[in-house]
Amino acid sequence: MKIAVCIKQVPTREWQPRLNDDKTWIREQDVSYEMNEPDAYALEEALRLREKHGGEVVVCSAGPARVQQVIREALARGADRAVHVEDDGLGAADAFAVADALAGAMAEEKFDLVLTGLQSDDQGHAATGVVIAERLGMPHSTIIMEVQVQDAGLRIKRELEGGWFQWIAMPLPAVLTIQSGINQLRYATLKGIMAAKKKEIRKAAVPAGLQRVQQVAALAFPTKSKQTQMIGGSAAEAAKELVRRLRDEARAL
Amino acid sequence: MILVIAEQREGRLNRATLETIAAAQQLAGGRAEGAAGGMPIKVAVLGATTGSVATDLAPAAVAEVLVGENAALEPYTPDAFVMAVQALIEQQQPQLVLLPHTYQTRDFAPQLAARMRRSLITDVTGVKGSGAGATFTRPMFQGKLSADVKPLGEAPHIITFQIGAFRADAMQKGTAAATVTRVDAAVDASKIRQKPEAPFQEAKAAVDLSQAERIVAVGRGIKTQENLAVAEKLAKALGAEVAASRPICDNGWLPMERQIGSSGQTVAPKLYVALGISGAIQHLVGMKGSRTIVAINKDADAPIFEVADYGIVGDLFEIAPALTSELEKA
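Heads up: the sequence lines are chains F and P, in that order.
Everything in the first sequence is counted per our numbering, starting at 487 for the first residue and increasing by one.
Everything in the second sequence is counted per our numbering, starting at 4 for the first residue and increasing by one.
No lab work stands behind these hints: they were computed from the structure.
Keep in mind that the hints are not guaranteed to be accurate.
Stated by the list, open to error - Partial list, computed: chain F residues near chain P (C-beta under 7 Å): (1) 506; (2) 507; (3) 608; (4) 609; (5) 649; (6) 676; (7) 679; (8) 715; (9) 722.
Claimed, not checked - Covered stretches of chain F, going by a simulated chain P footprint (3 or more residues, C-beta under 8 Å): (10) 538–549; (11) 558–572; (12) 687–697.
Heads up, the beta-carbon is just placed ideally off N, CA and C, and yes, glycines get one too.
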C-alpha cells in the first residue's frame, strides 16, 4: 500500500507569541518549531499500516525551507521518502491554499491512502485533509481512532462527540484525518536519524494560481471573558489565600 | 440572505443550532424577519425524517424554516450532506451559510467549500460588523491568539461557530411562528462512498463526571504518570473526582472516561481545579460552564486563565501539595 502522510510544522507548545509590526501575523523570527502533534499520530498510524500490509510511507509537507526540520524528523521515525512543496508564502497560508499546494504535488503519486492529523495546532481550521480529499477525488472521513484495511477497502472507527463512536466502510483510495491518541508514538532512533540523511526529498513547485480563501485582518491577544483574581506569594501563602477565598467568597468548599 | 444549516439526528435538534441562529441574528444587523436594514435569515433542516425539528425552530425570529427530507441523508455521510447542502445553496442563493462547529460539520463543511470553491471560516467565536462586510473572530495558535478574519472570493461564504460562543437563550423569538416550507433535498445516493454503521459507546463509563460537585483536572504540566499522585491527594482533600485533558488520556495515564473536553465529557461542577492545563479550546468547551474555576499553571499567558475565577502562576508541584495540607488543616 502506498501511503501519504501530510505533516505540518507548527510553533512549539512552549512558544510565547509576539505579533509583527502591523499586528496581522506572528513575529516568525522568534518562533521555534515542531511537528504538529495530530500529524505525528497520523505518521505513526501510517508506519504501523506499512508494517502490517507492506508498501511505502511518503511524507508530504508544504512550507518554506524550514519545514525540512519536521520532514527529516518523519524520515528518522521511519517514513521512506518525502515530497516538499517549497514556498515562503505557504508558511502562513490558510488550509485551502495548503491543501491545493499539497494535492497538486500528490496527484501524480497515485496514493492508495492519505493520512493527516485532524487539525493543526497553529491555525486550527480542521479542513486541510478534507480539502485534499476533494481535490484528489477521494472519499474521506475525519477524527479517526482506528484503521482496518480489508480486501475491498477500509473499515475505520470515527469518533463522535461525547464518547460515541461509529464504524464506517469506505473504498480505497481514501483520505483520513487522524485523532490524537489513536496509537502510541515512537521516537526516532539514532539509526533512524542516520538513515534519514540518505532518504529522498522531492521538491515540488507551488501550482500556479493558488488562492487563499481568507485574510487575517488583525491578530491580537484574546480578551479575558472573566475577571481572574490572581493570587501571589509563596506556595504556602497562595494556598492559604486560595482556600480562604474558595470558602468565604466562592462558597465552593 | 443568511442560510443557517440546522443539525439534528433522528428528529432531535442539536441545541448548538440555536446558538448559530443567535449568531445569524447578530450578523443580519437588526430584527431578522425581513425588517428594514436586516438581512433575512432562513434555517434549513435536512435529514431522512426531521420530526418536529422544523416546528421547534419556527418560534425563532427568522424569515423561513426550510425542510428537506431524503432517505439518503440517514445515516449521516459527508457525501450526501455536501450534495444536499450544495443543491440548497444553488436554489436559495444565500450570501452567508452558517453552521455550528460540530464533529459533523467539521466532516462535511470543508468538502462543501472545496467543491463550490467558496471561503470557509471555522470555529468562529465572534462577529464584528454585519452583512457582507463582517469580519469573524476565531482562535489561532491553540487559543494563545485571536484573529479577525475576512472571507475572500465570491459569496456565499461558509462560516462555522464554536459551541458555546453564542448563547442559545440570546436567540430572538419572532412575533409569530416562521413559515415552514418543504424544499427538495437532492441527493444522488449512488455517489455516496461512505457506508456507516450504527453509533456506539465503548464500555459503560464507571464514573459520571457530570454529576461530580468538585473536579481536579490535570494536563500536560503533570509531566509523568507517577506525578498523578499529587492531583489524587488534592482531590481527596477536596472531596473531588480526578479528571484530565486529552493528552493525559491519550498517554493512557487515566482512562478515556475521565477526559474533559469536546471529545470527552462536558462538566459544570461547583469547583473545577485545573492543574497544569494550558486551556486549549477543545478542553475549555468541556468545563467553562463550571461555577468556580481555579487555574494553577507556570505560564501566566496560558489561555486557561481567561476562564479562571482564581489563578495562581507557579509550580503545581509546590502549590498543589501546599493546597492539600491547607485543606487538611481545616
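Hints, verified against the model:
A least Cβ separation of about 12 Å between residue 506/F and chain P goes past the 7 Å threshold, and the interface hint is therefore violated. Hint on residue 507/F is violated. Least Cβ distance to chain P is approximately 15 Å, over the 7 Å limit. Evaluation of the residue 608/F hint against chain P yields a held restraint, the C-beta minimum of about 6 Å falling below 7 Å. For residue 609/F, the shortest C-beta to C-beta distance to chain P is roughly 6 Å, which falls under 7 Å, so the interface hint holds.
Hint status for residue 649/F relative to chain P: holds, with the closest Cβ pair at about 6 Å, below 7 Å. About 24 Å separates the beta-carbon of residue 676/F from the nearest beta-carbon of chain P, more than 7 Å, and the hint is not met. Restraint check, residue 679/F versus chain P: the minimum CB separation of about 24 Å is more than 7 Å; hint violated. For residue 715/F, the interface hint holds, the least distance from its beta-carbon to any beta-carbon of chain P being 5 Å, beneath 7 Å.
Using the Cβ-Cβ criterion of 7 Å, the hint placing residue 722/F at the interface with chain P is satisfied: the shortest such distance is roughly 5 Å. Restraint check on the segment 538–549 of chain F versus chain P: 0 residues with Cβ-Cβ distances below 8 Å, three needed, restraint violated. Residues of the segment 558–572 of chain F lying with their CB closer than 8 Å to a CB of chain P number 0, which falls below the three-residue condition for coverage. Counting residues of the segment 687–697 of chain F whose CB falls under 8 Å from any CB of chain P gives 1; the rule of at least 3 is not met.
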